[in-house]
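> Residues per chain, in single letters:
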Amino acid sequence: MAEAQGAKPATMFEKIWRRHVVVDRPDGYTLLYVDRHLLHDGSYNAFRRLAANGMKIRHPERSFATPDHYMPTNTRDKSTIADPNHKRMVTGLAEHAAATGVTIFDIGDRRQGIVHVVGPEQGITLPGITLVCGDSHTSTHGALGCLAFGIGSSEVTHVLATQSLWQRKPKAMRVNIDGALGFGITGKDVILAIIARIGAAGGTGHVLEYAGSGIRQLSIEGRLTLCNMSIEGGGRAGMIAPDDKTYEYIAGRPYAPKDAAWDRALAFWRSLPSDDGATFDREVTLSGPDIAPMVTWGTSPEDAAPVTEAIPDPASAADASRRDGQARALAYMGLEPGTPIADIPVDRVFIGSCTNSRIEDLRMAAAVAKGRKAQIPSWIVPGSGIIKEQAEAEGLDKIFTEAGFEWREAGCSMCVGMNGEIGRPGERIASTSNRNFVGRQGKGVRTHLVSPAMAAAAAVTGRFTDVRRLIPA
Amino acid sequence: MSNEHKQELRPFDRLTGTAVAIDQPNVDTDQIIPARFLALPRAEQVPHLFNDVRYREDGSPREGFPLNAPTAAGAQILIAERNFGCGSSREHAVSVLVDNGFRVFIAPSFGDIFHNNSFQNGALPIRLPSERIREMLDHLAKRPDARITVDLEAQTVTGPDNWTQSFEIDSFRKQCLIDGTDDISLTLKYADAIAAHERRAAAETDWL
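Residue numbers (our numbering), protein chains in the order written: chain C, 896 to 1368; chain W, 4 to 211.
A hint or two may mislead.
[What the hints assert, rightly or not] Straight line, CA to CA, 16 Å or less: simulated EDC-like cross-link-like pairs of lysine to aspartate or glutamate:
#: 1; chain 1: C; residue 1: K973; chain 2: C; residue 2: E1304
#: 2; chain 1: W; residue 1: K177; chain 2: W; residue 2: D16
#: 3; chain 1: C; residue 1: K982; chain 2: C; residue 2: D972
#: 4; chain 1: C; residue 1: K1293; chain 2: C; residue 2: E1304
#: 5; chain 1: W; residue 1: K192; chain 2: C; residue 2: D919
#: 6; chain 1: C; residue 1: K1338; chain 2: W; residue 2: D61
#: 7; chain 1: C; residue 1: K973; chain 2: C; residue 2: D1004
#: 8; chain 1: C; residue 1: K1268; chain 2: C; residue 2: D1292
#: 9; chain 1: C; residue 1: K1066; chain 2: C; residue 2: D1176
#: 10; chain 1: C; residue 1: K1338; chain 2: W; residue 2: E207
#: 11; chain 1: C; residue 1: K1064; chain 2: W; residue 2: D173
#: 12; chain 1: C; residue 1: K1064; chain 2: C; residue 2: D922
#: 13; chain 1: C; residue 1: K910; chain 2: C; residue 2: D1171
#: 14; chain 1: C; residue 1: K903; chain 2: C; residue 2: D1170
#: 15; chain 1: C; residue 1: K1265; chain 2: C; residue 2: E1297
#: 16; chain 1: C; residue 1: K910; chain 2: C; residue 2: D1170
#: 17; chain 1: C; residue 1: K1338; chain 2: W; residue 2: D173
#: 18; chain 1: W; residue 1: K177; chain 2: C; residue 2: D922
#: 19; chain 1: C; residue 1: K1265; chain 2: C; residue 2: E1287
#: 20; chain 1: C; residue 1: K1338; chain 2: C; residue 2: D1361
#: 21; chain 1: C; residue 1: K910; chain 2: W; residue 2: D173
#: 22; chain 1: C; residue 1: K973; chain 2: C; residue 2: E990
#: 23; chain 1: C; residue 1: K1268; chain 2: C; residue 2: E1284
#: 24; chain 1: C; residue 1: K1153; chain 2: W; residue 2: D209
Quick caveat, the hints were computed from the structure, so don't treat them as lab data.
Let the hints inform the model, and build the full structure from the sequences given.
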């Protein structure tokens, strides 16, 4: 099972890719095997198309479904979904899963949640596998050392029918975070700093491997946050070499190997990290100690700056295209160049999404909220029913509700607003989600991406505040 | 494998026509079709292409948005700045463009998933050097009725000043577009290879 002695040093991506090649065509296309496949309520159409064409699912036991996008987060009662189109997505997923034998963690099951939270939580996501899902944030799962990427709806149908996908092999890029991260710095700040550096298209056509001491230091939750936003830097996928933290996280999870199988799996997983001397097509290095709490100010995740800085002046942009883009972004965001970020008042806070709704995220937000009062409407939307239970067992829900935050049910909620949970035009939201696109959280809504700690700091102060001033060192 | 599959894609060949120029980088799929329209039946999504940037609050067309120009009617080509179609994997972003008559997208770069989704819908994404895109966008700003020819077989784009620029495309994707073959039909021919892979993997990673 170990790689051949004397073989050329290989990247982790290369090792995983190689093991999943079904066919290499002379024209450069590869039929790649998919080990595990995740479905959500937005995948309902792909399911339906398969059934409409009279096709069967090749391996129902390799697909796992959970509704997340369309279910409201103030109720667990599907019958209350007002929009019939939304209801059809949620109920249709369950019907197709039942008819085909695909495992579903449905509404009412404590294991239900955001698909990219549920996969790792259930041990479905494992090192060394290929995992796909009809959602761009599938890059999340690479935090456990696997190759995971988002696909379109036609490709979801393809995976259901054939358990494989046609792919052109991406290039490999390594992003090094050298040196320890400072106090109060999270995975979210690291990924926003990376995207600000490489740009929203910086990783296009590449699989990003994050490495260096600043990455090793991160918890699994922090790594999941980091890999989650690889797509916002243009990356096809993001990955981090598995280590003892990874194995400790996976051990005992329902779909993870056990006993003798665990030992065999572990031996294999330890062979996965990129070999010394492996070459990457591109390499970028950031200094860990230099990363500050980040806030986005524009309408692309690349428009990110430390909370200690001011809104940039488009006049000093590198070229005309960037200048126009920044000016357009600032007009939409209602911001003036030169305004200190810490002077910007916030109307609302959203803590949740596949980026930042895990237990550690909630603990960090609670540490800031404890004993303070939210000045603006602030929501906490846990990533899964299990996280919600755990947070309640730890008393975090009490901390939040006593501080005036709203404690809700698991789902995607205001990250994308498909379930109708959106902001008002012109509203400025500090959000722990992944996209500050025009209209993402509702028409005319102004989204600023931040970490859960920074979002909680905005909630209790009513503006962007350097969270390092609010928590004990 | 007992699966059967019918192909539905329209074969692609060569086309000449006007183009819509979206002179912006990082046009994300949320802009192409906002999330609140995704649960609608496909036919009802058609009018919502670029909904929030294209229309005012009262539903009237926003002047100056390229899709609202008279020359946009019947355009089959869309030209944009770098990283077009970034963001969400929603395939509706491609299908709503296709249902509005677009079959070719030209940009310096694309979001990877949008790029893949294009081929799944019989549309052709073409990457051209940014200098050439700049030239085309500037030209279209002055002459929005300029005609552009895209020839997939020859892998060329012929611009309004009669320059011809060749483009790269994977021969695999090119052939699928020309024949109108969809991926599933093709993959089903490799059923034996998939089964062989599964036997091999079952022995090596038996915990999956």
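> Compare the structure with the hints numbered earlier in the document and write down the numbers of the violated ones, lowest to highest.
10, 17, 20, 21 and 23
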